[in-house]
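Asker: Sequence:
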Amino acid sequence: MNGPDLDHPLAGPFWSAAARKELQVTWCAACDRAVWYPRPHCPHCDGNLHWRRLSGEASLISWCEVAGGLNPQFREAYTCALVSPLEAPDIRIVMRVTENTTPALRCDMPGRVDFVYLQQTNGAPYLAPAFTPYA
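For the sequence shown, the working numbering assigns the number 135 to the last residue and increments by one with no breaks.
Note that these hints are calculated values from the structure, not bench results. Where hints are given, some of them may not hold.
Label pairs and their calculated CB-CB ranges [claimed, not checked]: (1) Asp7 to Ala135: 38 to 44 angstroms; (2) Ala135 to Asp32: 20 to 26 angstroms; (3) Lys21 to Gly68: 25 to 31 angstroms; (4) Cys45 to Ala104: 19 to 25 angstroms.
Just so you know, these numbers come straight off a predicted model, no measurement behind them. The C-beta atom is built at its ideal place from N, Cα and C for all residues, glycine as well.
Sequences and hints are given; from them, build the entire structure.
Answerer: Now the structure itself:
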């Protein structure tokens, strides 16, 4: 797996923020709504978008356990989460769960977005967001 494209015109700023351990999403200046996945203009009002840093507080919407895959990077089981940031409850972001807490997970479980290192196919690390549920 290649790492994120920091120069990508839409997603690059998200990954650059992740490298600084910040969660950022695009936000519409005109209608004051979060927009995810990044787009050139707001899908609600066609307004201009800018990047906004979020607190990292989030709720767990859903999750699935991945038993392991064919990709050598993902041979071990992991849990994938769909989370909703506190400041942007209408959007959903997919990320891993930081710990093996799958049996204790529940819908609407509060937590925070942390950052974990993943590896590119060339072995170089990069930071990606991951959900840490509160106990």
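Asker: Hint says 38 to 44 angstroms; check whether the CB-CB distance for Asp7 and Ala135 agrees.
Answerer: holds, 39 angstroms
Asker: Between Lys21 and Gly68, is the Cβ distance one that fits in 25 to 31 angstroms?
Answerer: holds, 27 angstroms
Asker: Indicate whether the distance between the beta carbons of Cys45 and Ala104 respects the range 19 to 25 angstroms.
Answerer: With Cβ atoms ~40 angstroms apart, the hint is violated.
Asker: Is 20 to 26 angstroms respected by the C-beta to C-beta distance linking Ala135 and Asp32?
Answerer: violated, 34 angstroms
Checked against the numbered hints above, the structure violates hints 2 and 4; every other hint is satisfied.
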